[in-house]
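Chemist: Using the sequences and the accompanying hints, generate a full structural model.
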Amino acid sequence: MSSRVDGLDAARGLALIGMFAAHVGDTGRRGSDADGWGWLVVFDGRASALFAVLAGVSMSLMLTGRGGAASAGAVAHTRARIAVRGGLLLVLGWMLAWLDTPVDVILDNLGIMFLLVLPALAWRPAVQAAAGAGVLVVGGPLLGWADPWLAPFDGPVIHELWSTHYPALVWSGYLLIGLAIGRWAPWRGPDLASLAGGGAMVAVGAYGLGLGLGGSWTDDAGVAWASVAPHSYTGFEMLGNVGVAAAVIGGCVAAASAAPRAIWPLASTGRMTLSLYVAHIVVIAIVGDAMVWEPSNLAWVVLTGAAVTAACVWRATLGQGPLERVLARTSSAVADSAVPRTPLGGAA
1 MSSRVDGLDA ARGLALIGMF AAHVGDTGRR GSDADGWGWL VVFDGRASAL FAVLAGVSMS
61 LMLTGRGGAA SAGAVAHTRA RIAVRGGLLL VLGWMLAWLD TPVDVILDNL GIMFLLVLPA
121 LAWRPAVQAA AGAGVLVVGG PLLGWADPWL APFDGPVIHE LWSTHYPALV WSGYLLIGLA
181 IGRWAPWRGP DLASLAGGGA MVAVGAYGLG LGLGGSWTDD AGVAWASVAP HSYTGFEMLG
241 NVGVAAAVIG GCVAAASAAP RAIWPLASTG RMTLSLYVAH IVVIAIVGDA MVWEPSNLAW
301 VVLTGAAVTA ACVWRATLGQ GPLERVLART SSAVADSAVP RTPLGGAA
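Throughout the sequence shown, residue numbering follows the working numbering, covering 1 to 348 in sequence.
There may be inaccurate statements among the hints.
Computed beta-carbon distance windows for the label pairs [stated by the list, open to error]:
| id | residue 1 | residue 2 | range |
| --- | --- | --- | --- |
| 1 | Gly144 | Gly319 | 41 to 49 Å |
| 2 | Ser337 | Ala316 | 44 to 52 Å |
| 3 | Glu294 | Ala72 | 49 to 57 Å |
| 4 | Ala126 | Leu209 | 18 to 26 Å |
| 5 | Pro260 | Thr164 | 36 to 44 Å |
| 6 | Asp336 | Gly214 | 26 to 34 Å |
| 7 | Ala72 | Gly288 | 50 to 58 Å |
| 8 | His165 | Gly208 | 46 to 54 Å |
| 9 | Val301 | Met95 | 36 to 44 Å |
| 10 | Thr317 | Val287 | 22 to 30 Å |
| 11 | Ala221 | Asp147 | 39 to 47 Å |
| 12 | Val157 | Leu213 | 33 to 41 Å |
| 13 | Gly134 | Gly214 | 35 to 43 Å |
Keep in mind that the hints were calculated from the coordinates and are not lab data. Quick caveat, the model's predicted, so the values are computed rather than measured. The C-beta atom is built at its ideal place from N, Cα and C for all residues, glycine as well.
Modeler: This is the structure:
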């Protein structure tokens, strides 16, 4: 159990560091410096997709703890907890958006995604995976086609459904895939190898097919419908991102089992991703927009180092992150008052 939890936390930590890189890291493609670290581009689009897939995995483990079946009472209780968390994330995302940084905040969209996948919580893993893949393949093109009709509808909540960044109607596919992974994976060595290896094959296949059909790694070149550029929302890009996420999750859980001490700092970071994500948006708001528009890898390294250090100290002394504690306690309290708790639900 501990290696699984630490491995998933390590994957979350990696996703967070990747989002830091996407926001303030210098790849040479943004700002006036053309000599950035080009390899940082691997985080663009893929880090946030990993974050969303892991949210689905966490939901599944909240329900059963071990990926098996759950009673109707456990399903109802877990749905209530997830619904409350989704609402809190929505409000928190709006609050961060009011800071008016150049960062496209994912939390409010993620909150809507939580609500969208509630009906799928108890579906069989194969159905969850098929539904998730279907949403990811057709969702982006359908939204692009319907955009002229959807554009006038741009109020709160409605906006998050088909926003330019992290459209919840499409990105909910990542959570569905995560639900399936959480239900399917017994988290043993051979299964982790299958998860990581299968994910790598999906990533290579999806990205490779898109490129072979004329797509491009960049935003401004190639055939648009076959693009594998970050946030292009084609089926090739999104399925490729799923493959990367599965490979990272399998690899991180395996690493946590083989080398728990080595993975501890990254796992500590992953235990408080919400708190650290919010903190980095606040830092950008304080420092100013130039932190994003004129990115610096020194800023990324310092921000990452500070986050990892703070997470290690916090875990060693206080345990659960501050916002994580609020989210867990509030959602459990509301769910307990609305739906009787059953012993078959998983830990948060």
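Chemist: Work down the list of hints and note, for each, if the structure agrees.
Modeler: Okay, the hints, checked on the actual structure:
Remark: the range hint 41 to 49 Å for Gly144 to Gly319 is upheld by a beta-carbon distance near 44 Å. Checking the proposed 44 to 52 Å range against Ser337 and Ala316 shows it is violated: the Cβ atoms sit about 33 Å from each other. Remark: the range hint 49 to 57 Å for Glu294 to Ala72 is upheld by a beta-carbon distance near 54 Å. The beta-carbon spacing between Ala126 and Leu209, approximately 23 Å, falls within the hinted interval of 18 to 26 Å.
At about 41 Å, the CB distance of Pro260 to Thr164 agrees with the hint of 36 to 44 Å. At roughly 54 Å, the beta carbons of Asp336 and Gly214 sit outside the given window of 26 to 34 Å. For Ala72 paired with Gly288, a C-beta distance near 52 Å keeps the hint of 50 to 58 Å intact. A hinted range of 46 to 54 Å for the beta carbons of His165 and Gly208 is inconsistent with their spacing of about 26 Å.
One distance hint, 36 to 44 Å for the beta-carbon pair Val301 and Met95, is violated here, with the actual separation near 28 Å. Judged by the Cβ atoms, the range 22 to 30 Å given for Thr317 and Val287 holds: they are separated by roughly 27 Å. A beta carbon spacing of about 22 Å between Ala221 and Asp147 contradicts the range 39 to 47 Å that was offered as a hint. Restraint check, Val157 to Leu213: a C-beta distance of roughly 36 Å satisfies the suggested window 33 to 41 Å.
Take Gly134 and Gly214: their Cβ atoms lie about 24 Å apart, and the range 35 to 43 Å is violated.
The structure fails to meet hints 2, 6, 8, 9, 11, 13 from the earlier list, while all remaining hints are met.
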